[in-house]
Amino acid sequence: MDFVLGHYNYWIAIFLMMVGFYTVISRGNLVKKIVGLNVFQVSVFLLYISIGTVTGGAAPIITQGIKLYSNPLPHVLILTAIVVGVATTALGLALVVRIKEAYGTIEEDEIHEQDHSL
Amino acid sequence: MIDIIIDITLLAFLAITAVAIVRLTNLLAIVMLFGIFSFLSATLFVVMDAVDVAFTEAAVGAGISTVLMLATIALTKDHEEKKYSSHRPWLPLAVVIATGAALVYGTLDIPAFGDPESPAQKHVATYYIEKAMPETGVPNIVTAVLASYRGYDTLGEVVVILTAGIAVLLLIGDNCPKSIARNHMQEGLKGKEIAHNLILRIASKTLIPLIILFALYVQFHGDYGPGGGFQAGVIMSSAIILYALVYGLDGAERVIPSTILRLLASLGVIIYAGVGVVTLLLGGNYLDYSVLADTQIAGQHLGILLVELGVGMTVFSIMLIIFFAFAGRGRP
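Chains as they are written, first to last, in the numbering used here: chain E, 95 to 212; chain G, -6 to 325.
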């Protein structure tokens, strides 16, 4: 039971990662692919933060009388990753908008059909 | 104990939301669920003591990302074609299950969640926790590591954000073909219903100054509490986005012209990189703030303040540039 509780966070993170991965590789709609990519991304954040958590630890802001803190390093890495993530998501969405304007659709299969019929 | 129960419940909610996202075909519902997904994960970060991360995720994931995705489906279409949604699911499913099984096998050797003895807690983390306060005088270790110890890294991230903003401008910046100038979002922005809704106008007028004040607090109090340039930039831009949603895009562009935004975005990076050049000229290493003032602590304080200011400016203006690019697309 302790083993399951101790690894529950990692397993859910992996489950979310796989759900995101599945959305990316199996769905043809480009917006849905990007949502899937974002789900994948959040799962990586969860994995990092889970690894940095210390039971009984406080948030890593130095306070008098507190000795045990959670690991600040994953927090730094993930904080910047989130903001970079939204910037790259915006780039992906901008590409989707341009694809819609060029092909008139955001379904991958229809885009392939148009490419082949040329 | 209560922590564990909250942790388990929130993770279960996350899993349910993720499955719902895969199964739905209405893109509007998917995007709203993704907002909920982000917000749930932000709550989970609070439970896991990552307050700075939670802050950022709530502002970025549940706020800006969701707005950008809504703008995209307004510009494209709001549902997924059913006939494409479920074809050939078996191969992807097999790939995903195999990958997932391999990853779960890998976790069997990871130390248990929250183990204070795990190797991840023994490396540089102990150094940061013990030395960050005496060396930089900044109680928030995350800010100290972000802006001082790993300053190079953060400079790189800020440049990535600037690059992404420029790329979005190149892709969907100014010129737009007239033929597809049919933008639902633009109609929504100019629509009489929103602009003339008294409650919305008055509520937003009260809220916007408070949001800006809060952003400034987060910016300059980031050394002592959760917060910093990244969060402040996003919160500040959300104030302007709220203004644009209620009073229209043209009004918002009068408040902050896009030329000024572009200047601000580059100025932020220049401030950050410039602080590094100044420390070089003063005889220190690149981004070693200790030489900026008489004492090491004062120098670090000044350096971190300036660098966070640069980060805040760039993040704020890039978020707005991206939003204006999406919302202005298809303007007749």
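Hints are computed from structural coordinates only; laboratory data are not their basis. Any given hint could turn out to be false.
Here are the computed lysine-lysine pairs in the BS3-like style, where the Cα-Cα straight-line distance is at most 25 Å [to be verified]:
| id | chain 1 | residue 1 | chain 2 | residue 2 |
| --- | --- | --- | --- | --- |
| 1 | G | Lys124 | E | Lys194 |
| 2 | E | Lys161 | G | Lys124 |
| 3 | G | Lys115 | E | Lys161 |
| 4 | E | Lys194 | E | Lys127 |
| 5 | E | Lys127 | G | Lys115 |
Here is how each hint holds up against the structure:
Of the pairs offered as hints, the one joining G:Lys124 and E:Lys194 is violated, with about 53 Å between alpha carbons and a cut-off of 25 Å exceeded. For the hint linking E:Lys161 to G:Lys124, the alpha-carbon distance of about 13 Å falls within 25 Å, and the restraint holds. For the given pair, G:Lys115 sits about 15 Å from E:Lys161 by alpha-carbon distance, which is consistent with the 25 Å threshold. For the given pair, E:Lys194 sits about 15 Å from E:Lys127 by alpha-carbon distance, which is consistent with the 25 Å threshold.
Taking the CA atoms of E:Lys127 and G:Lys115, the gap is about 38 Å. The hint is violated against a cut of 25 Å.
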